[in-house]
Amino acid sequence: MSDTVLHRPATLHAALELLADNPDAHAIAGGVSLVAIINAQLLAPTALVSLRGIGELEGIRATPDGGIAIGAMTRHRAVAAEARLRGPLGCVSEAARSIASPPVRNMGTIGGSISLGDPGADLPPALVAVDATIEIANARRTRRLSAREFFVDWYTTALEPGELVTAVRLPASESGTACYEKLVRVAGDICIASVALSVSSSGTARAALGGCGPAPVFSDEADALLSRGLGDAASVQAAGAALGRVAKPMDDVRGSADYRRMLIPRMLARAAARAFAQLERAA
Amino acid sequence: MSVGRRLPRVDAREKTDGRARYIGDVERPGMLHAAILGSGCAHAIIEGYDLTEALAAPGVRAIVTGDDCPDARMGAFIKDEHAIAKGKVRYVGEPVAAVAADTLAQAQAACRLIQVRYRDLAAVLTPTEALAPGACILHEDVAAYEKVFDAGSHGNLCSRTSYAEGDVDASWPECDLVLEDWFEAHAQAHVALEPVGALAEVDANGRVTLWSANQSVFRVQANVCESLDLPMSRLRCLTPRIGGGFGNKMEAHVQPITVMLALKSGRPVRLILTRPDDFEMVRVRHPARVRVKTGAKRDGTLVAREVEVILDGGAYADDSPGVLSFMLRMCSGPYRFRAVKAHGKVVYTNKLRSGAFRGFGQPQVQFGCEQHVDEIAKRIGMDPFDLRRRNQKQAGEHWFGGQDVRSCGLAQCMDAAERASGWRNRRRGGKADEGRLRGMGMAVTAHISATLATGAIVRMLEDGSIVLNTGATDIGQGSDTVLGQICAAALRLDPRDIAIAGPDTDGSPYNWGTTASRVTYTTGRSVQAAARDVERQAKEQAAEILECSIDDLELREGGAVGIAGVPGKQVTFRDISRRAHWRRGGPIIGRHSWVFDKPSIDPKRAVAIGNPSNAAGVFSFGAVVVEVEVDTVTGKTRVLRAWSAVDVGKAINPAAVEGQIEGAFVQGMGYALVEELVWDGGRLANPTLMDYKIPTFRDTPYDIETIIVEAPEPDAPFGAKGAGEIGINVVAAAIANAVTDATGVRFTKLPLSSERVLRALLSAPADKGGR
Amino acid sequence: MSIACRLNVNGAIQSVEVDGAETLLTTLRERLALLGAKRGCDQGVCGACTVLMDGMPVRACLSLAANCADSPLTTIEALNRDALGRDLQHAFVELGAVQCGFCTSGMLLTAYALLRDNPSAELDDVREALSGNLCRCSGYRKIIDAVLHVARPRGS
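Chains as they are written, first to last, in the numbering used here: chain B, 1 to 283; chain F, 1 to 771; chain E, 1 to 156.
Keep in mind the hints are simulated off the structure, nothing from the lab. We put the beta carbon where it would ideally sit given N, CA and C, even for glycine. A portion of the hints provided could be inaccurate.
Stated by the list, open to error - Pair ranges (Cβ atoms, derived):
{"#": "1", "chain 1": "B", "residue 1": "Arg61", "chain 2": "E", "residue 2": "Asp117", "range": "22 to 32 Å"}
{"#": "2", "chain 1": "E", "residue 1": "Asp70", "chain 2": "F", "residue 2": "Ile45", "range": "54 to 64 Å"}
{"#": "3", "chain 1": "F", "residue 1": "Val178", "chain 2": "B", "residue 2": "Glu221", "range": "30 to 40 Å"}
{"#": "4", "chain 1": "E", "residue 1": "Asp87", "chain 2": "F", "residue 2": "Asp552", "range": "28 to 38 Å"}
{"#": "5", "chain 1": "B", "residue 1": "Ser146", "chain 2": "F", "residue 2": "Gly48", "range": "51 to 61 Å"}
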């Protein structure tokens, strides 16, 4: 630990250059995951590149196409409180509100969180459900990836060495609703399972599951069924079955894979009922 | 009068200022930092160590292994444990080596460089495996180990105990209803917010001073000296502030190893366990399998009970024989059974040792016993409270085994809990509402407070002010405050004028420890008696000063002795003490010591085999009611409201009693619903707070009502009995009864996790919420 | 590799040399003799290390000291300089909200930030704001009572 160099670049470009020049360096955002790993002696980095204070990575702003861009260093607390994340985007702020605890939400960032690729994290399924786009940069170029493509496997994202998430873009949303259902042992826990559901008032519905596989679980077949009949028990049940077919839950200390399979249709039904009721109230 | 008042704790101010000093805050000049290497094997012979790389690592000053400790063993009941693994390892995480270095990081890095050559042995991970013929034996020399009682140890059987009163076998045929079930209760981690730690320093004469997070400086002294073959006079044990114990800090943890490092390095050494090490290395609540058989008559008379307990003791005996015997003695519950038979065993397994944890076996055994009583009530159509009232223990009766019950507030506890909870008007059965079912459940309990030895020294300083020294460790439950209140009341002083001396094996009278809910009753009694001794000596002085008979004298408020009925005639403690110091009599030192010796087994009434200690304590009683809500979509259960009525004899400090009952309730709720240690073979899979969860603010109902009942205990200080543990005993049982009320399903396994509850609901009949 | 760092702690600038990956908790306890923040898990879960950074509760065990240079830090040792802080400390003491005390530093600072931002906080506000502070002794009840005791009811 006494060998760790901490770089504090002032610009994104400087940060990317440092990462390009130091393949062993780790980027540190809020630190809530990385420092915990260092404290547990699971990692002894020789160099850290702090992203704190890099203006280009901060802030939530409207984009020209009517969407929202959330800078990678935006804290969960700000995402949780963001009024513009309403309607079909509401599952993103609801997911952020459910992360860990208030002090951790004061520190953790959206970029840091999704870069970890934690299969039990809250933002990934919400971002998949709203069809978010992840903006990525390295020292030479930028690129974009859909959320669906970004989360690949256990603690594995599509990020290549030297790349950073710079922003998360949410599409322009019409009216609609969303919800994030999360089952935990205690408040602030990593989920046993979670369901993110985003519905536009024109009827398009998208669902994604957390904690039910190495990456968020989603299914076009399930989305089609939900879009056709959010308030129809048979459609919702069929959607749950469709998600169950592609889910790959594991046994872990929070629950068994079998339990998660039991939960998927049940929690989806609850999410659908909630979303349906929310739409009815708004109508 | 300070007794009965909600006085702020004497240590609260420093804690709110952030100035309380715990073991992690204590420093000594030249101090080294230490880390422990735990075994990666569940069961193996240690063939050798290669310390070369580790010794050469930066900052390393000393490394100790089993080669550095004598072949001497410690243990509260069975002396089966070395200071550090010696010759073999018996559980994953068992300390195998320890390093003292200039910095913690250096010590941790050096640990990773230590090489240990293991020869793997077959590991037994359950009592069944351990007792199977041909099973690999953990303690080959168990028969030769020193023991404090007839444990019957052989093979992997650590100890066995049985008690019987009346003839259960003859009683079953007379019962209209006999229930028999196996129940499984799981392990629990204490999760005191402060991990364990110690700091040892050797002086120029080779005498060791040892600070540690502990529940008893005297148990620390005994364990360190026994395991390191040191005379007790060579070790002085002290106590900083303690960040919670719950049983984790009662027996040895890292103290012997820390002393070894200090002796070897010649420098002060501080060793604080990381949270994962605290989970993996120290101790847990006993996993238990309990067979309960209960027989009753159709009119609700409880006739007979038999309990068989199999405790998974883990790799070392620790307090296991005590836990077993206590569970067995308490398995009758506070009822008048005609016949009770209780027997069981502690089995060694290659897992982390099980040991003392609040309740000392009661949460596990009552989970089954109180569900049986409830089930009987259900089947005969009697209200659960009424059934218990029909059979309740009363003062003047005796407990299972023969000990007299001299005070009993059980009836008042039940009345209070029943009334406060609105039990009679509760909704019967469950109420399905948006997929949520509600139910209410109750359970009753008794506990003991007392046991073993304690003392008190009350000194009057030259100016008349008072120092109280009891050797009792305040682990956060408030004993310093309560004992000060007792002393102040006895001497008619303001408690703020009583100085409380910290526990110190050099200067304090022996105190077995802060455990078994014993301090208020046992030590409080000594404090009261020592204060009376001071009163007597002060009156002797005053009689000479005032030239009167000692019988004419009374204590006055604020530290004075005067002639009764003559307000002007008095002499202050100050003047008395001056005279005592400089002229006549000698400094006033009040003292008392005693050992609780009321036998718990009366051989005329009961037969006992393998009884580890024949004196337990005086009885407290309690009744718990809970209201729960079960989410039928996920199985997740939460407690909405709770009522806990406890007979504590006399609440010396009602706020402190409430704090104990509230905290015990939530710890019991965590045990019942969400806390679960997960084993992956012999390895603990969730030794972190990320993975092992305790209730947070949001998981805990605000509406936990504590009702204090006072049925004074004779010979107790102001009638007071203990309150530290009783609040946890039947929380799991009451919650289980409530969930049964809500869902119609009975649970024989803990915890009632959301997974377990959902599975049970899905296999239940549809009209009961099953789907 | 040591980094020269100027930390603003309790209103005073402290110059310290810290290691690159050194946590704020280590710096406070080992270099600045501010022992009130406690190490309970080193993982950001228990809350015993909670301090205020820019007035917001954060985990000192997960903060890199060298990254805290620009932000005013408040630890428990300074709480009694402020009337609200003193009121909270007094309420904790008087209402029996302190048992072993290991959670108390973090609990008080978090409660302080809550009431400073929301003086009329109610039961659910308190439970939410403190949900990241674990207590094993108290069952939470008296801590809630102490915080609500200091909170000013709406409209008063």
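Hints, one by one, checked against the model:
{"no.": "1", "hint": "B:Arg61 <-> E:Asp117: 22 to 32 Å", "in the structure": "holds, 25 Å"}
{"no.": "2", "hint": "E:Asp70 <-> F:Ile45: 54 to 64 Å", "in the structure": "holds, 56 Å"}
{"no.": "3", "hint": "F:Val178 <-> B:Glu221: 30 to 40 Å", "in the structure": "violated, 55 Å"}
{"no.": "4", "hint": "E:Asp87 <-> F:Asp552: 28 to 38 Å", "in the structure": "violated, 50 Å"}
{"no.": "5", "hint": "B:Ser146 <-> F:Gly48: 51 to 61 Å", "in the structure": "holds, 57 Å"}
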